[in-house]
Amino acid sequence: MSATLSTAEPAAVPVTATKTRHSRNHRRSVWWWLGFLLLVVWTIGTIFPVLSIFLLSVRGTQDVYNHPLGLSGALHWGNYSEAWNGAPGGTAFYHYLINSVVSVVAALLIAIVLGTVTSYALVRNTSPGKTPLLLRVFVIALVFPLVVLVIPIFGLLDQAALLNSPAAIGVVYGVLACPTVVLITYSAFLEFPEELIDAGNLDGLSEWGVFVRLVLPLNRGPIAACLVLTMIFVWGEAQLGIIALQQAQSKTLAVGLLGLQGQYFTNQGVLFSGLALATLPILVVYLIMQKFIVRGLALGGALR
Amino acid sequence: MLRTHLRRRLMVIGTLPAVAGIVLLVAYPVVRTVYLSLTSWDGASAPKFIGTTNFRDITGQGGDLWATVLRTVRFSLVATIGVMVIGTLLAAALSAGIPGARFFRVVWFLPMVVPVSVSGVYWVNAFQPTTGLSNYLLGKVGLGTTHAWLADPHAALYVTSFVWVWISTGFAMIIMLGAMNGVPVEIYEAAEMDGCSVLRRFFSITLPLVRPTLATVALLEIIFTFNGFTLIWAMTQGGPGTSTQILPVEVYRQAFINGNYGAASAQAVVGGVLLLLVSVVMTRFIRSSSGSGRARAGLIRGRANRSALAVGQGAK
Chain E
1 MSATLSTAEP
11 AAVPVTATKT
21 RHSRNHRRSV
31 WWWLGFLLLV
41 VWTIGTIFPV
51 LSIFLLSVRG
61 TQDVYNHPLG
71 LSGALHWGNY
81 SEAWNGAPGG
91 TAFYHYLINS
101 VVSVVAALLI
111 AIVLGTVTSY
121 ALVRNTSPGK
131 TPLLLRVFVI
141 ALVFPLVVLV
151 IPIFGLLDQA
161 ALLNSPAAIG
171 VVYGVLACPT
181 VVLITYSAFL
191 EFPEELIDAG
201 NLDGLSEWGV
211 FVRLVLPLNR
221 GPIAACLVLT
231 MIFVWGEAQL
241 GIIALQQAQS
251 KTLAVGLLGL
261 QGQYFTNQGV
271 LFSGLALATL
281 PILVVYLIMQ
291 KFIVRGLALG
301 GALR
Chain B
1 MLRTHLRRRL
11 MVIGTLPAVA
21 GIVLLVAYPV
31 VRTVYLSLTS
41 WDGASAPKFI
51 GTTNFRDITG
61 QGGDLWATVL
71 RTVRFSLVAT
81 IGVMVIGTLL
91 AAALSAGIPG
101 ARFFRVVWFL
111 PMVVPVSVSG
121 VYWVNAFQPT
131 TGLSNYLLGK
141 VGLGTTHAWL
151 ADPHAALYVT
161 SFVWVWISTG
171 FAMIIMLGAM
181 NGVPVEIYEA
191 AEMDGCSVLR
201 RFFSITLPLV
211 RPTLATVALL
221 EIIFTFNGFT
231 LIWAMTQGGP
241 GTSTQILPVE
251 VYRQAFINGN
261 YGAASAQAVV
271 GGVLLLLVSV
281 VMTRFIRSSS
291 GSGRARAGLI
301 RGRANRSALA
311 VGQGAK
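Sequences listed follow chains E and B, in order. Letter 272 of the first sequence, counting from 1, is numbered 272 in this note's numbering, and no numbers are missing. Letter 109 of the second sequence, counting from 1, is numbered 109 in this note's numbering, and no numbers are missing.
If you are wondering where the hints come from, they were derived from the structure by calculation, not from laboratory data. The C-beta atom is built at its ideal place from N, Cα and C for all residues, glycine as well. Be careful, since some hints might not be right.
Residues on chain E that point at chain B, a partial pick, calculated with CB under 8 Å [said to hold, decoys possible]: (1) T43; (2) I53; (3) P68; (4) L146; (5) L149; (6) L176; (7) L257; (8) L283; (9) I293.
Chain B is nowhere near these chain E residues, computed Cβ spacing over 12 Å in every case [to be verified]: (10) W77; (11) Y80; (12) G86; (13) A92; (14) H95; (15) I98; (16) N164; (17) P193; (18) L218.
Can you build the whole structure from these sequences, using the hints too?
As structure tokens, then:
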């Protein structure tokens, strides 16, 4: 542990606060290398399980059992088509995929539209230096865990005949993610130069015109961060889904996977193809947009 | 001037949809859960008011509320401590600008991106005796290949906590990184000139300055783990026996498997109140430690906390 600390610190003699701080000190001690080694071990520990999901997804059951690292064995690309079309008597995977996409799109629409509109309205209506009451309400809303909310939300969905609707689940998640979006974008909008808004007004743009034409496009970073985070959250969430999405063909990936283990028990390779199919879309989105998470939150969201 | 003012006031309308949504899907459910906890309800007929009977049942003999709470707290503590220690060290390493920092950062956040149910199923396989990765590796170094951790009531909770740490450390790391990068460089330079050692700088500068963020992230992890239904359900469904049956799993079982919505609501209420108490205490701690006069760092911290809380929703 202390070895890792020593890795961290020689270079904490930084050049700038915003960019990575490069080490001025080029003499690297044994402790430095030991710490670095630990970091490499953690890196292998994080990347390998993700990689091996993909490696194991093209193996036969026997190879999965004999070589759990997924590094050897014959290639069974047929696993994917089997998962995609579903085992006999099981649910085809593309149902899950479509449902996940539907719920994510619904959630994003709700969370981003409601969230940004709300925080802009708050920013334009609050005197500087004051925290709007509503913002505090949203912070409190964040503290309530889903476990306190699930039973009544289930009741609401039931009454509205919206059980088994991935879109409805998406809308619920969208609303639950709304306070997050408000908190992130509020601090971003707060820093937006007022002169620009005034200039927009002089050019004949209404308040909302300024919002759509100036504020939104110029705050792409934080909004993209909200987008990715909401997407990751909704794509992986199953607590409400497992309750509300009861019909096999209405399940999202995250919910469907919870039942997949029994279904494909005899064919481990197909199970892993299922896991890979569920991971790939969100992984691609993350790799494309990862810089927004870090800049939008670690630096932008946190410091702006 | 007045027109602008009025126009701005009208924008309040813009907040209405979000407020309505929060009222419908957060405020109403909270009130409703509290009400349901005082009733006997099978989910179909009308709820019957029975006062505090549910609470007496779940806390009395035959009720296993306290065992569940204790289990939840243990899961939560083990996981949160693991996440905080590793996440802080990783963030410190990144903030120090180790070679390849960008690559490491992207990779370390990866487990957070993989859907929790996928990670759960993967790790269940990895922990299988004989065929799983963990036993394969142990076999390679001659420690035996037949450990059935997930079937062992004493080990299962720690295995699931381990997987939680694997998943959530990246999240803590990103937030901590934001806070650490906000510590003014001059402080480190001054300390170095004064001859402070690397360890000393970490413990005397970095840690105290990011303490409020540290506390905020810890609070979020506690909230997330208290709510860690998906991982447990994917890995053990609460078993073996009841050894991993944390609160949300118990609530799910009571309500949606046993059809005992009243008792389930009572358990949810107890969990919610506990969490609220923890939040209040920790928020006090965060406030008091950020009012310590280091103006610039304090400013940074306030914002880092807000955004940490904001991101927090992500794992709810």
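message = Flag every earlier hint the structure violates by its number, smallest first.
response = Violated hints: none at all, because every hint is consistent with the structure.
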